[in-house]
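Please model the complete structure; the sequences and the hints are all you need to start from.
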Amino acid sequence: MTTNNRVLLSGVLVGSALAASYYGDYNFSPLELVTLTTVVLVLNFPRKVSPESCTAPGYMADPVLGCYRLYTERESNTGARQQCANDGGRLLLMNSEAEYERLKSLMVQNSLFAIYIQGSRSSVSSPWLTDNGDPLPYLGPNYIEFTSPTALAFEISAQGETSGEAITFPNPFICEI
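Per mature numbering (1 follows the signal peptide of the UniProt record, and there is no 0), the sequence shown runs over residues -19 to -1, 1 to 158.
Just so you know, the hints here were simulated from the structure itself, not pulled from any lab data. Possibly wrong hints are sitting among the right ones.
FRET-style restraints, in silico, Cβ to Cβ [as the list claims (entries may be wrong)]:
1. Glu13 x Ala37: 18 to 28 Å
2. Leu12 x Pro38: 23 to 33 Å
3. Ala79 x Tyr7: 22 to 32 Å
4. Val23 x Pro122: 44 to 54 Å
5. Phe150 x Pro122: 47 to 57 Å
6. Ala66 x Glu142: 22 to 32 Å
7. Val89 x Asn113: 24 to 34 Å
8. Leu12 x Ala37: 47 to 57 Å
9. Gly39 x Phe150: 16 to 26 Å
10. Ala42 x Thr131: 33 to 43 Å
11. Gly39 x Gln140: 23 to 33 Å
12. Glu142 x Asp112: 52 to 62 Å
13. Ala66 x Pro122: 23 to 33 Å
A quick note: this is a predicted structure, and the numbers were derived from the prediction, not measured. Don't be surprised by glycine CBs; every beta carbon is placed ideally from N, CA and C.
Structural data, given as structure tokens:
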């Protein structure tokens, strides 16, 4: 049960008890008041959060990207997707500006020009889609539309440009689990 749910549940318990008591529908005995207080304290008592389980070999936990692995060796987009699937994951889906900035910094740290991330399309005129078939949630502020008919795989460059690339072009890539 999440912290928000525990606070909500204890609020409902206390609110119901106070409403019943205020309107005279019910008078609480000392034992019932102690029990109610104990339940509220137990529900709201801070608990240790279990550490993120990022135990896949070669994967790293990151507060922004989650559990990821950066592959610096070059693969075609198909090969990159297959490698991620072999790991039990998928190409990383960029959801926000924070992830965009973190990806740029990872590429600079590793001296990479561009990497494959999640996103594909069936033709140059069709929209970019996730592996689930939904539109990409974030294209980045520097999206460049290439009209090459083979630019069907999505990539990000160290300069922050996102664009299409030929599926057969070898690129480093990043997976997430």
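Which hints from the list above does the structure break, by number from lowest to highest? 1, 2, 3, 5, 12
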